[in-house]
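A.B. asks: Sequence:
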Amino acid sequence: MTSQYNFKRITVVPTASELKEVVLSKTQRKTPTVVHRQYSIGRIRAFYARKIKFLQQTLHDKLTEIINQFPKLEEIHPFYADLMNILYDRDHYKIALGQMNTARHLIDGIAREYVRLMKYGDSLYRCKMLKRAALGRMVKLLRRQKSSFEYLEQVRQHLSRLPSIDPNTRTLILCGFPNVGKSSFINKVTRADVEVQPYAFTTKALYVGHLDYKFLRWQVIDTPGILDHPLEDRNTIEMQAVTALAHLKAAVLFIMDVSEQCDRSIEEQVHLFESIKPLFANKPVLIGLNKVDVRRRADLPADKEACIKRLEADGVPIVEMSTMTEEGVLGLRDNACDRLLVQRVEQKLQAKKTVLGEGVLSKIFVAYPTPRDEKVRAPFIPNAALKKRVQTRSGTNRDLMAEFRDERTRKLEREIELEMDDDYVLDLKKNYLLKNPDEKYDIVPEIWEGHNLADFIDPEISNKLAALLEEERLRIEAGEYDDDLDSDDEETKDLLKTAEKIKEKEEMLKLESREKKSNQHHHISRSVARKRERTMDKLEEELGGLGMEVKAKRMKHLVTESARTPSVKKIRVGPSRSLSANRSVPRPEQGLPQKEKREKVRKLAKKAQREMNQDARKGEADRHIGTKMPKHLFAGKRKMGKTDRRFIFALIQMGDQELTCYVNNLDEEVTAEIIEELFTQAGPLKKVVWKGDSGYALIVFQDEESVMFAVEVLDNTMLFGKPISVKPKNESLQFEKYKEWKQKRDDQHEEARQRIQHRQRSTNNYNSPGQQWNTPGSQSGSRPGRPQDSSQYTYNRNDRDTRRSHDSNSSRSYQSSNYSWQKPPARNEQRDIGMREPKRSEMVKVKSKKEGEEKDQSLKEIPKTHGSLIKKKRPWRNKVRKQAMKEAKQKERLEKPTTVASNEGQNDKTGKKSKKKKRKQLQEVKEETRDEKDDVLKKLESGRFR
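Residues in the sequence shown are numbered from 1 upward in steps of one, following UniProt numbering.
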């Protein structure tokens, strides 16, 4: 017996976090994942709108499944509705499902709103942000319903554990005080195994067992014990029993403990029976006196016996039984089943009799009015209507319109109909206005393909047919056709003989075919059989019959061949070889037997077809492959640690595009620390995105000015023997400035080159090397744009508080709390003064990755304006480098033990030499090396080192 309510099929309700992970993962897996900003904006909008719609539909389906699978209290049986109200609280249950339904509608609204807003997204970034906001809002709605998801999952688990009770089948309900033997009774009569203990309220829920009686299946329900107090004071356990008694059509077995071992007297048990008696209405009720093995009914006192007799007087049967000795158990069961069966049969018969007797009226309520008094209230009919009715019946009103009619007015058809009454026939042709009135009732001709069918009908055709039939009858009676059947001409006789021969030949062929099929001997090959049939006599006979003259001279070879007996091939044992038929020579080989000519013709045909192939177009029948290797099928999922590029592009697109510069062409030995320390000298950094394995890095500064300064200072700087490339990010405002600066730099290079060429042509007007240049902004005895003291460029890596002083002639400077930067002189100014020596501040100690040894590597031996000269191998390069190293060593000896920035007013830490003495020694060193530098400059400008 299966119940129509199967709550075990309800789907598991996930938690809010689990549902969020499931739907987001499914959206990522089931929708495209690749989009580029180069796509058209319509394609980008459709890409993100699809993700929003997919997530909305997935959530809609999940929530709809949850809502639909949970039972609706208005649609299920009242027993289950009240039971769920007792166990789970009807209001809380409805609120939880209502919140699920509200969340579903809100998610649908959010999806519609953001899909509508998606058409206003004008870039990939904005469309992505709209998608992100839509998904975030929908997921946030799920998180808000966290408690509802958890409550519904608990309800589902409890519903799945409820017993499967069919409210409409044959049922026995056990009720009574706790610990009176209800569970023992159900264990005896059914295959159920309910826990039995010697204390009250061992059974806390409904239990179901099944038994067979009179070849029918019955269900027995064991209810928890009920205490004798008001309904509103009963707890959840007791209310389950009350619900079963109130809503199930069943036989009620009220179990009483006659031994009073349940701590309840017989009077209390009788009072409980009377208090819940309204629940037994229209149900067969029986009382079972249990534990008669301890105390018999005959042993009861008189007052208690009187209480039991009072119940018997009300018509309730009482059966003594004992679940321990099984005395009376089956009797009580059989009595209850019989009473319930009789009641169910009577109800069905009564319902069937009602339906058969009254038919449809038994299902329809017909209201009959009852008179309120004896007064007659007849319907009111106007006098004019009564007068007209009388005239109609008497026939006096048939010509009422005669006084209004003259000889030109014809009667209406209605009037004619009333006058003629039953003899009236509607005639529509009598009023036809035709030229010939006699043609009114003529038959209308039938026209077919422009011809009147009446023109092709002979009115005397029937008479002529009758005459022909009569004539044929007379001929047959006279025997005119009898001679034709017996007399055949010669031609007919020949045809009949030929037909008989053909028939005989067919019969012979059939017999021969049957004989061949019935022959079970081994078949010989067709070629051998034919050779046996080819005899000399047969050949001469056939050729002679064809009119050919056969002579012995012409047949001499045939005589010897015919004398030989044909040999039969021996049977081969084992797998036979496949016999291939003699294939005919292909047509190209028949036309051109020579292989060389055939190949030449093939090439010529292919060449002639080439032009026509170029004019070919793809049609509907041609095969079309949109994408040979779709990325979502062949690329696979990215593993851990492969999404750093997302961070890079997101970093640039999130507002740092104007603060980012791109560094390329990096050596393998370059590390992120070197790049960070190098670009820290150009400005304060915000972030360094290191991609050393790909040979590039992204530097994000804190201000926009540092970007162009880093480009101007560090572009083409030699780092581990390779010039690095520094430029702003593409499609940014800084990149436009970079292109203008690059154009300006190229113009300066061209101008310097032309100036050098001009000086080479006018060598006679060149000043002596010892001449001093005085330009605006330069000091006497110094070169333009060059600082007086090279120590101002000194940078100590170990001391972060070291300052770099700035020349008053520098066009731009940047200062912070820890660093100072100075823009170098313009390229054309340095080209005018020639090559300057590298400073110690530009010599940074770099640790090798492999050996760990320190080596001096010039990060910037020459200013960037001389990058074109540095890239080429020049013979004077080593000379200048050695001179620079020599000066640096002299400076270190003067400034031992430490190197600090020589600002004015700052004392030497050693305390042994004053600043004035140091300055004097430095000036002497510069005067000694100035002559050598002037010689290098003179050679450079004279074109010797071009």
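Keep in mind that the hints were calculated from the coordinates and are not lab data. The reader is advised that the hints may include incorrect statements.
[Stated by the list, open to error] Subject to a maximum C-alpha distance of 30 Å in a straight line, what follows is the list of computed DSS-like cross-link-like pairs (lysine-lysine):
#: 1; residue 1: LYS375; residue 2: LYS388
#: 2; residue 1: LYS140; residue 2: LYS128
#: 3; residue 1: LYS30; residue 2: LYS62
Here the structure is a predicted model, which means the values were calculated and not measured.
A.B. asks: Is it true that the CA of LYS140 sits at most 30 Å from the CA of LYS128?
C.D. replies: Within the cut-off at roughly 18 Å; holds.
A.B. asks: Is the straight-line distance between the alpha-carbon of LYS375 and that of LYS388 30 Å or less?
C.D. replies: Between LYS375 and LYS388 the Cα gap is close to 29 Å, so the pair holds against 30 Å.
A.B. asks: Can the restraint linking LYS30 and LYS62 be considered satisfied, given a maximum Cα separation of 30 Å?
C.D. replies: Cα-Cα ~16 Å, so holds.
Going down the numbered hints, you'll see the structure goes against none, and every one checks out.
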